[in-house]
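Asks: Put together the whole structure using the sequences plus the hints.
Given next are the chains, with one letter for each unit.
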Amino acid sequence: MNIIGYLDKFSYKSGEIVNCKVSSILNKDYKVEFLQIIQGDVHPKAPGYKVKKIKLNCFNKKVFKGRKQNLRSGSYAKINIKNKITTNCLTLSFNFFPTLIKDEAQVIFSSNDKKNNIKIYTKKNSLYLQYQNSILLLSESFGFFNWNYLKLKFHKNYLYTYLKFADKEFKTKNKFSIWQILYNHIYFGCSFKQETQQFFNGKLSGVKIIDHSKNTKLLDFDFSIKIDSQSIFDLGKNKFIGKLFNHPTRGIKGPKNSLDIRDWTKNPEEYDAIHFHEDDITDAKWKTDFSFKVPNNIKSAVYCLRLYTDIHNEFFIPLVILPKSNSKNKVAFLFPSVSYLAYANNRIGIDVPETELVTNRLIEINDHDLFMQENPSLGYSFYDVHNDNSGVYYSSRKRPIIDFQPKFIAKLGGKDSNVWQFNADTHILGWFNHFKQDYDVITDHDLQKHGLSIIKKYKAIVTGTHPEYYSLKMLDTLQSYINKGGRLMYLGGNGFYWRISFDKNDHSIIECRKSEGGIRAHPPKSGEYHASTTGEYTGLWRNNNRPPNLLVGVGMVSQGFDYSASYHRTKLSFDKKFEFIFKHIPKKKKFGNFGLSGHGAAGLELDSINYLLGTPENTHLLAYSKDHSDIYLLAPEEMLDPAPGLGGTENEKIQSNVVIHQNKNFGGFFSVGSIAWAGSMAWNKYNNEISKITFNVLKSFISKKKFLPEN
Amino acid sequence: MTRFLITQSPKTLLNEFKIKIKEKKFKPSLELQRLLNKFRSGKKEGKYILYKKYGKFFLGQLPKNRGEKIIISNELFFSNLVEAEIFVFKKRLNEHNRLFR
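Those protein sequences? They're chains G and R, same order as listed. Each residue of the first sequence is one higher than the last, beginning at 1 in the numbering used here. Each residue of the second sequence is one higher than the last, beginning at 712 in the numbering used here.
Hints in this document: simulated from the structure, not taken from any laboratory. Where hints are given, some of them may not hold.
[Claimed, not checked] Label-pair restraints from in silico Cβ distances: (1) G/449 - R/738: 44 to 50 Å; (2) G/687 - R/801: 37 to 43 Å; (3) R/801 - G/311: 36 to 42 Å.
We treat Cβ as the ideally placed atom computed from N, Cα and C, and that holds for glycine.
Replies: Following this line, the structure appears as structure tokens:
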């Protein structure tokens, strides 16, 4: 791979300008194609990779000048100060909580201008002060994974150091003359030399500078103010406002720990810390390499920009063209852009050794994985941890996303195609194409921005294979759509599972904290269960009074990634009123024993009915799966009291349910409760019973006033 | 470190693995699955992986840290996944011989 790029949005309207940021790593020139994505799975058994080239004059035979743009991760705060602050008697103090020991310097505080610099940093287990080229060892030790309080008093030609952590205190006096400690720029969490560098991994709180000669606070940063922003505020004399870059973690506990109020919105003064990471990245800040206008005559669909330097080196950047307001299409595909962000640059094959266990086969990697392994500055997904092992809470569109491409082969997608999220969803796009079904495309981000107004005109909404991450507004919008007579086809599993929050100032960035329980790679710390971007309580929707069962009848029960199972029809499914679903399907008890995602339609992640969790009455169970291996285990939230028999060969709770429901306004849902379903739709070039069942339902959803005789 | 010993011989388990790994849905016996759970767990550094390029599967091993290159053998490659699985299974049998009585 020698070319990558990104857009800062997922969807565009006709006439809108698309700004593309590209890095040609070897400075090679490149070409661009604009393609409609019809089917992105390249497995030999898949229906065949299919794209439609859209002719745009701006790309026609044009060669673009390639240039490398650097990926620079690392979060920090920057404060610009105008007035010169000098003194001969002042105290600098702050609390710091280091979370990673490194051989290299990690700068907690620095200030510089063109000629001068001062910085305080950790290196290995020691703490240093550097002023110009003079380095002073402040302490040979500090509290690792502990709050430390550091006070440096600069008085005449001496520096008095006081360091306290746990029950230890250190005091030293050194001859060290500093005339000035604040220059034009102050940084928290890094230093600056031509570019930001030497990032700190750890928490910082309460940075203060007191001028004893005038008895004034020159600086008094209180990170508990406006936690939901990317600004920091100085309560001192100068009232400086600093800016945060790359979303360090906010809404976390500081050194105070007196009250048991575990919510930063109620008790912000105890959440006065910021956690910086060397590998945070929410804006790569690349320059735009080319722009183009979305043509007016283009239909709503999933497209992508294909950047390529030669046939072996290509990179795809998907984008959605939104429908025009007068679109007559009855169906919309709900492009799960939020879930794509949640999995952005997921390193599960190269960082998580257990992946081989849950797939029960050797991990297969390819050039995409090599690139992610060698370029951790791409940033991570919600399934990854930072280098200091703390969880990743923020994900952004403003960076290249390697696993958001057609042709991408994942790790958990089951034997054969092994596709996941975006590329798995192209099985559904290909299915639309196979049946010549017209459709519009709306993204999660549009749902968040516009609410019901953007989807209310559609007779049916079709989801992706794995719409796992939802904001409150997105969930409310879909629920409202169904309640008012809309019909939702939930063609996936593990949907509507985690609650996410959008950054209020920038919707390209989302936050997710996996509080309480659920299947998760990392838990947030106790007391840090509220999103910093909005203050919302986080975690499973099930623990937020909105189990997915309320919306789509089924909810997550299990996962496994070896082989998938077939479905068994219930006696009820043979009832006349469900004939439209099984029309032209042989009348047999089992179906779906094939597929591209583990050789079965029921697999990978499974959802089932649970009336206690809100499955609506009159939700009709049409089919269920049962032949799962012990690689499938009960989801932790389903396992209240651990007892033997948690695996798929024994536990009857481990099943996918296919259900249908019609409400009093003739809205409702058809839910398949399995990520592998679409992999079976695409089997045998879409000529199979799973594909037909799904299309039978869609046809009925868009054409009938009532799809069931009674509710 | 392990909490169990395997009662069947390595040869018996290898034979079972060779047959079942070829099946569309791999369903090992409980004892073989237990052994595989041991083989497939463990730390990241040195873990065997397969690097797919030009239709071949090259044997590789994960490095300890992010940013480091994944070690990939130029010489050890397989034309299909079954061959690769059997090769790695045999290798791991040798590496974990203390699991057997």
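Asks: Now tell me, hint by hint, if it's right for this structure.
Replies: Status of the hints after comparison with the structure:
1. G/449 - R/738: 44 to 50 Å: holds (47 Å)
2. G/687 - R/801: 37 to 43 Å: holds (41 Å)
3. R/801 - G/311: 36 to 42 Å: Between residue 801 of chain R and residue 311 of chain G, where Cβ atoms are some 37 Å apart, the hint holds.
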